[in-house]
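These protein sequence lines map, in sequence, to chains Y and A. No gaps in the numbering here: position 96 of the first sequence is 96 in my numbering, and each next residue is one more. No gaps in the numbering here: position 181 of the second sequence is 1181 in my numbering, and each next residue is one more.
None of these hints come from the bench; they were simulated from the model. We put the CB at the ideal spot given by N, CA and C, even for glycine. Don't take each hint at face value.
Derived DSBU-like pairs: lysine-lysine, alpha-carbon spacing no greater than 35 Å straight-line [as the list claims (entries may be wrong)]:
#1 Y:K133 to A:K1168
#2 A:K1133 to Y:K48
#3 A:K1002 to Y:K133
#4 A:K1133 to Y:K168
#5 A:K1133 to Y:K2
#6 A:K1133 to Y:K29
#7 A:K1208 to Y:K133
#8 Y:K152 to A:K1168
#9 A:K1002 to Y:K152
#10 A:K1061 to A:K1002
#11 A:K1133 to Y:K61
#12 Y:K29 to A:K1002
#13 A:K1048 to Y:K133
#14 Y:K29 to Y:K48
A short list of chain A residues far from chain Y (calculated; beta carbon distances all over 12 Å) [as the list claims (entries may be wrong)]:
#15 G1069
#16 R1110
#17 P1132
#18 R1188
#19 D1239
#20 N1302
#21 F1306
Some chain A residues flagged as far from chain Y (calculated, every beta-carbon gap over 10 Å) [said to hold, decoys possible]:
#22 F1028
#23 V1089
#24 Y1103
Residue-level listing of the chains:
2 protein chains.
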Amino acid sequence: MKLLFLSAEDRADPWREALAEELPELEFKLWPDDVGAPEDIDYALVWKPPAGELRNFPNLKAILSLGAGIDHLAADPELPTHIPTSRLVDRCLTQGMTEYVLYWVIHYHRHMNAYADMRVRHEWRHIPQVDPKRRRVGLLGLGELGSDAAEKLVALDYDVAGWSRTAKDIPGVTSFHGADGLAPFLARTDILVCLLPMTDQTRAIINKDNLAQLPEAAVFINCARGAHVVDDDLLAALDNGRLSAATLDVFHTEPLPADHPYWSHPNVVVTPHMASLTVAHSAAAYIADNIRRVERGELPLNTVDFQTGY
Amino acid sequence: MKLLFLSAEDRADPWREALAEELPELEFKLWPDDVGAPEDIDYALVWKPPAGELRNFPNLKAILSLGAGIDHLAADPELPTHIPTSRLVDRCLTQGMTEYVLYWVIHYHRHMNAYADMRVRHEWRHIPQVDPKRRRVGLLGLGELGSDAAEKLVALDYDVAGWSRTAKDIPGVTSFHGADGLAPFLARTDILVCLLPMTDQTRAIINKDNLAQLPEAAVFINCARGAHVVDDDLLAALDNGRLSAATLDVFHTEPLPADHPYWSHPNVVVTPHMASLTVAHSAAAYIADNIRRVERGELPLNTVDFQTGY
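Kindly generate the complete structure, drawing on both the sequences and the hints.
Put into structure tokens, the structure is as follows:
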């Protein structure tokens, strides 16, 4: 039984070690230099494969994504669709994203940006603290990641709402859904967090018209995909005061080009698509579990529905 | 019924408004200019009163602290002790502290300091993410504030321990206590958070000997009191690598003098004693409740025991 590790971004060694502990009988092959005979590859563990590349492995039983998003696979018009593709759903991946969301929500809620500016000047001054019950956080997307972040924000007593394709029932979270629910959701949101999947319905959702629905001086945090955002519209909203600040982890082009205006905008924080990185020792257990399922003739967990796009 | 508001640091207006809503019959007097007849004052709502000042009000029924700590009162050798003194315990005060603790724990756990440095250079690079189960957070102090922070850290899956005077039973938190428990507690702590009350037993607890018990490159977060720390020992630990970083909210002298080495140390973050500020509209309900209790002949909630010091 052979697995091909195919990623230009992820380090293979932690995966090789972690999978060897989980499935000693699995042979670990490394793309592009140690593939061996293509017809011997049973599983592909992949991140952003070159278009058409997976066609070269005729006996694949399943495609296993190294990330929660599968837009990097859906973008391949030649992706084998007669076999299941599985999203990564992992404790550490979810927890990492929740950490990132909590960190930036608290950052803006508690004016940590202003305190950092004061620190440079050795200035000692208080900014009045706002009751978290009076801070309206809005999550675009209430899937695995959005719902975990929502629960933790509720536990911290923020006024939390979420928007998703279909209505969701999460204790303490006001649910908005569908096209009609978007404007009222945005109108009550001080801190907007994007955790949507990338689909034809969500592409460019952060545009001029939707940004105009937010209250004055709102904050935007994007930890989903760069293509959710119309960059010129976001920059205009920052410059006209509709948005007071943004933290962006994802971009149309990654790495973000060194001369992109986001890097030096005074009210933008750029992070290098690190909101949640895959932790091999944790995620390997999930991958091994999915391989065992396929070997038993079952579908892997979190098989992608390419109709909804996630 | 008259209440004297006595603080050189807190804004009186939000308190005047919030208490008028809670207790319309209460007359709000403002120290030092609008005290009126000292013998008419029933309650003193105070932060850092000048030593001896409270002796001037012979008919006080209770002293109500504007903060969770009462070292600012215990320091007054002439403090009236025949009437109860009450600590402030308030939802917003607790939540604010928990926000601060979570923010800085995540900051160091997720290398946000290194990412901020990269941002200045427009550099795009990942730092491997650590499973929160493998990050050992240690809380000095498990009172109202410490136990709430501990619970929220447990919910985020950190490996959490606490040290306190007496053993505590908080689900998911390893409890250490007493003098013998301190060294083993420190030895297992990567991120140390101080939330202790200031007493003769806790003064200068962050000293050379105790810092030497920590693992190499630990992190220290102080949101208790400056006097918990021996500054020279802390600076030495930062310079010899025992500590990799510190976030300090409290200091021996506040405001921290503009030329203090903490301000410009590359591995120290200074915040201006803002970890948790009192939110008047929330805390006023607690103060009003305590006044009603005393009027009914009961002790106020959270009456200070000056033997234990909290």
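Q) Okay, which hints does this one fail, numbers in order? A) 7, 9, 12, 16, 17 and 24
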